[in-house]
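All chains should be built: construct the whole structure from the sequences, respecting the hints.
Those protein sequence lines, which keep their order, are chains G and Y.
Reminder that position 181 of the first sequence reads as 181 in the numbering used here, one-by-one numbering, no gaps.
Reminder that position 82 of the second sequence reads as 1082 in the numbering used here, one-by-one numbering, no gaps.
None of these hints come from the bench; they were simulated from the model.
A portion of the hints provided could be inaccurate.
Stated by the list, open to error - Facing chain G, from chain Y, some residues (calculated, C-beta under 8 Å):
#	residue
1	Ser1213
2	Tyr1221
3	Asp1233
4	Ala1235
5	Gln1243
6	Gly1264
Since this is a predicted model, take the numbers as computed values, not measurements.
Glycine is no exception: its CB is placed at the ideal position from the N, C-alpha and C atoms.
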Amino acid sequence: MDFILHVPVIGLLLQFIGYLLSVMATNGSLIITLSTPIALGALCGFMNERSGVVNIGIEGMMLFAAFVGWYVAALVNGGAPSNPGPMGITLPLLVGLLAAIAAGVAVSALHAWLSISVRANQIISGTIINIEALAITGYLNLLISQNPIPSAGNFQSFVVPHAAASVPILGWLLTTFLAHGPITLTMLVLVIVLQVLLFRSRWGLRTRAVGEHPRAAETLGIDVIRLRYRNVLLGGVLAGLGGAWFTLEYIGTFQGGMTGGRGYIALAALIFGRWTPIGAFGAALVFGIADTLGQAVSFNPPTGDLGAVLSGVPEQVFSALPYLVTIIVLAGVVGRSIPPAADGQPYEREAKAT
Amino acid sequence: MRKHRYALGATFASLAIVLLAACQGNTGSSGSQSGGATSNLKIGLVTDVGTLDDHNFNQYSWEGAKAGAQAVGAAAPHSVVTTQSADYAKNINSFVSKNYNIIVTVGFALGSDTTKAAKANPNIKFIGVDQGICVDANGNPDSTFACKGDAATLLPNYQGLVFKEQQPGYLAGVVAASISKSGHIAAIGGTATVPAVPNYMIGYLNGAKSVKSDIKVELKYVSAAPDAKAFNDPAGGKAAADQLLSQNPDIDVLFQVAGKTGNGVLQSACDHNIHAIGVDVDQWVSTPDTKACTVVSAEKKLTKAVSDAIQRVNDKKDKGGTITLDITTDSVGLSPFHDSQSMITPDIQAKIDAAVKGLKDGTIKACVETPFGSCDNKNGQPPA
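Structure follows, in structure tokens:
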């Protein structure tokens, strides 16, 4: 009897898995695209937290970088269309990208100074950055919109040659991972590079040491303050890239609050991914998939029994999917995630003997 | 340590100043008064969730408040930007407590809180954009939508401005079906729970069917609630459109009805080299970055409607109740075609003209209307 009772559920489950796979297959490239700002934000958090600095200001850093990158690119462009190179790369866009990175580093410098030198509460510092970025960029954008300037356009996706793209499986892999703009491709490379560096390089060892036990690291001659500064500023580069993704790659124009909470999701992805670059990227993919699945159910609902079941589920449940995943992850259902031991603790050198 | 503490204090102080400056700046730079007329009216505006720089709904209502203030010779209006829907009442009361004379609230979602504020403050004039006033016999907001009370007598200080979005939506559908080569078009809306959105979309469906009865029309919504995802997330809107287009590659006209989220929909249409139709304002002008693919926009003349309502208050000619603005007064309609004029053949133009004429003299209905002027619909789909 038990067996018979469970068959429909198993059938539905299999149908659901099949549907999920088909959604992922059709939207592979979109899922990677959607996970880009989350992954870059999480990598920024990774650089900070692995060396012992909590950063919840990623959202604000990305928003500020998005605005600066867009505005600088538009200014350099000056309304004159430039001849785009491969992937739509133009000089104004490259200058805008550098400006976005500089903006990310500048905001990170403020965070580094407050949390490392001043030893202020790092949560407060991050909160200030989030609130301030929303207000300042919104205000400046309102000023600019009185007298709008045309944007410099945006980076285009790499086009996989048709011959390669039509090969079964391989073609799908190529389009999923390569049919992207330069910022997304950079993110994919950075995930691997940072993962290797963290566990295989001197810098990685020192960073982990400083994040776990800064006092011990200092006794071995590592300059804790300097390493933390350097990592937080490098994190700013990543947040700057994440911001540039919005205005220079995916959308091509700036709108107030356009990061839409992805900087916060990035924090959850960092924890879900257990403070490693590969893990954070995997978590970002989960968020991308949840988002795509929710939209797919409302756009192209599955047929058959599964369709009947899913159409009975209120739409709101699917809209809530990414956030439910976040809560499940934060509650530690999927394995306990342990932060670096010195995360969030300002470091004070021992007083010199007089 | 002490030095650091001072440094921290200085940082916070300077941040506070920057924030204050930003807030002050929001109160508008158009302080100039028009010649002659002066007025002591203090005008405040509360936005829906979003920003004043949305190139769309909030921004053009705000332009209307500024234009109205200028027309009557009042000081430049002040604004409060709502960041979450829980703050509607609080934001309205921030103006009430400072004795403002006119409070403009922008968006369907603020209707209930505006009704309460209008009842509690009979001496303050309220103007609600996209708000059909529905009250019970005591003048309280009626969540059952029986609307037994007469808003005009119970709340004479509250003008609710409602647009028949289905009419410009219908015209957009006529254009879309006429320029579509594949016979498959789509509309992406923010959420079906804000009546203006399905009004536009059902009008669009009916307009398209009037041109080509066998046309395939997708009506899709990005969110189930009037939240930031529905109206305030361009990246999410672009992703939704990308997903719809990857599943239906033959769609060749995309109508956006999702505010800032929809600006991402326009971007997606441009990237896919298909035609887009803008919403609420002339998006060829308001979002120039996507003008290359924006054929036309389904407009409601927000700026004029808000400005007119403010002038009625100043002239003491204002009456309470819901004011329905439609195509007979040219309060809604299509924007100019700008660069796409060449696509509009005399034949297509004749269809548009016929539709405008029919909507104006009542021989064409953009949709089956409820007694309150909205489209009769369930979950944003027209009744079967």
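Cross-check of the supplied hints:
{"no.": "1", "hint": "Ser1213", "result": "violated, 24 Å"}
{"no.": "2", "hint": "Tyr1221", "result": "holds, 7 Å"}
{"no.": "3", "hint": "Asp1233", "result": "holds, 4 Å"}
{"no.": "4", "hint": "Ala1235", "result": "holds, 6 Å"}
{"no.": "5", "hint": "Gln1243", "result": "holds, 5 Å"}
{"no.": "6", "hint": "Gly1264", "result": "holds, 6 Å"}
Hint 1 alone, counting from the list given before, is not met by this structure.
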